[in-house]
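Peer 1: Which chain is which? The protein sequence lines are A and B, in order.
Residue 348 is where the first sequence ends in the numbering used here, and the numbering goes up by one at each step.
Residue 370 is where the second sequence ends in the numbering used here, and the numbering goes up by one at each step.
Certain hints may be false.
Said to hold, decoys possible - Only pairs whose alpha carbons sit at most 27 Å apart, straight line, appear in this in silico BS3-like list of lysine-lysine: (1) 164/A <-> 325/B; (2) 255/B <-> 262/A; (3) 292/A <-> 264/A; (4) 164/A <-> 331/B; (5) 154/A <-> 255/B.
Worth flagging that the hints you see were computed from the coordinates, not collected in a lab.
Computed from a prediction, not measured in an experiment: that's the story for all the values here.
Below are the chains, spelled out letter by letter.
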Amino acid sequence: MALLEITNLTQRFGGLLAVNDLSVHLEGRELCALIGPNGAGKTTVFNLVSGFYQPSDGSIKIGGVDTRGMKPHQVTALGVARTFQNIRLWNDMTVLDNIKVSQHYRLGYSLMDSLMRTRRYIDREASIDRTAMELLEFLGMRELANEFPPNLAYGTQRKVEIARALSIKPKLLLLDEPAAGLPSSDVVELIKLIEWIHKEFDLAIWMIEHQMTVVMSLCQWIKVIDFGATIAEGTPEDIRNNPVVIRAYLGDENI
Amino acid sequence: MSPRLTTPAALCALLLGLMALTQSGILGQYEQTILSTMGIYMILAASLNLVNGYMGEFSCGHAGFMAVGAYTSSVVGVYLFVPDPFFGQPLLPMDLAYLAFPVILAAGFAAAALVGLLVAIPSFKTRGDYLAVITLAAGYIVKSALENIDVVGGPRGFMGMKKVVIGMEEMISIPWMLIWIFIGVVFTVWILRRFVYSTYGKGVMAIHQDEVAAEIMSVNTNKMKLVAFMLSSGLAGLAGGLYAYLIGFVNPASFTILRSTECLVMVYLGGMGSLTGSILAAAIFTLLLEFLKPLEQLKWVAIPMLLIVLMQFRPEGLMGNRELSDIFPKLKRFYRFK
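Bound conformation, chain A alone (with noise of 0.2 Å):
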């Protein structure tokens, strides 16, 4: 079974038709790309993939399960997650309560439980914070669980916010710019990063990225759209000779 199955997907604004007739399907595992001009809609497929929007027309599947309906936060528990082009961090939280709070849909326990701090609720979030300080760990960020996420580097917000998105288990873990903002060291840090979650994690990553060192290094395939519309997908090797997407986006100079 497909990992996502976006079949015929459209979202139009009042007039603007942001997002047109777009297919994709990701068995799982893969490590791929979205790229296009700004404004090309490449966001919008995210927030789509999210449950952020209702799609007007076409269907999501992820993993089989048709979202349309569902909310975000339904969607987040089939596994996926995501991360924003403008960091999205909960500022006035540690780090640790950053991912606590990331794993309300597999809380296990109730408002009743809470209140009564039930022998379920104790073991519960003991487990919960386990966990948490082992993927901080894992990750090599364990020094910054007691830290406010105002208080870090750019840099290192954007891992933070990797591993929040990579707390909640996702088999498919998008990164809307995960480069954006980001001088010319941490980028290759962040590709190393990327690559590596990859590798150890079993999920599927898609960017949406407009750095053309990392995506090219990076992903086994691409898709490249404008106005909503895919213009070329394929190999970094068949994107970067492909002379519409030249034309489209990537410019003469580029590469």
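Place chain B on chain A using the hints.
Peer 2: Positioned in the frame of chain A, the structure of chain B alone reads:
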């Protein structure tokens, strides 16, 4: 002593101390009334802080929920224990009043929580100023509904609750209302603390800090809003019930926008997202109201002036969004109130 027991022991000592002071006559009726009012304000401020401080919504209809609780508790109490021209003979003998009182308060809590549910539903789609207008309207709806229900006296109000309190005092002669209010405050702080310190309750803070991220990171935001609103309005209902029996009389004029404003003032005075701040602010606010009484009308010039000064120099409120234990970390060694 183990930290687990320090807090209950301290609270019991405090309650016993209060009782000793009242029984020996050191705390007269006047002081008792001030302390009781303070307790009611503490419940109101702490419960409103859940929605306005922790969840970051702006609810300004707290008096409406308080009114629902006050009227429900009053009607249930009178129906059960007091002969009334409309409700007829009491169902139960007055001797049981002191045992049934928690049930009376629980009825007020439940009714107010249900009304809170009705306000929570528009909050799914609306936030900020628009939600503030909705809560404001809800407060007015409650008030004008009560003015038009003849069974509870319409605009004249409803009474008979004093008889229940006297009934309790005839059974056992202790300052019952002070004790119930003390228990109410402890219950409120206890329940709110447990809620906001659990990973479940922290979902409310996630909504405050970034609602989109909360939704994407699997927090069921609608459900969290529902729970927060119901808990907050339920506790306001509890405060209303206690208020009704303390005063012995309820009328719609007691639950105007001015009352909601008082609740807001205490929350912002104490600091958003700080329970100790709300408690402290309620105490200070009640004492201010009392000590400035000689100023009469000028009181309402002096208190807002103080507030303006506070907001100028300390806009985050007395405690910011910190708790007492954040300022004095050593306190944590002495208690474990989780």
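Peer 1: Indicate, hint by hint, whether the structure satisfies it.
Peer 2: Tested hints:
1. 164/A <-> 325/B: violated, 54 Å
2. 255/B <-> 262/A: With a Cα-Cα distance of about 23 Å, the restraint between residue 255/B and residue 262/A holds, given a limit of 27 Å.
3. 292/A <-> 264/A: Since the Cα atoms of residue 292/A and residue 264/A sit roughly 13 Å apart, the hinted pair holds (cutoff 27 Å).
4. 164/A <-> 331/B: violated, 51 Å
5. 154/A <-> 255/B: Answer holds: residue 154/A to residue 255/B is near 25 Å, not above 27 Å.
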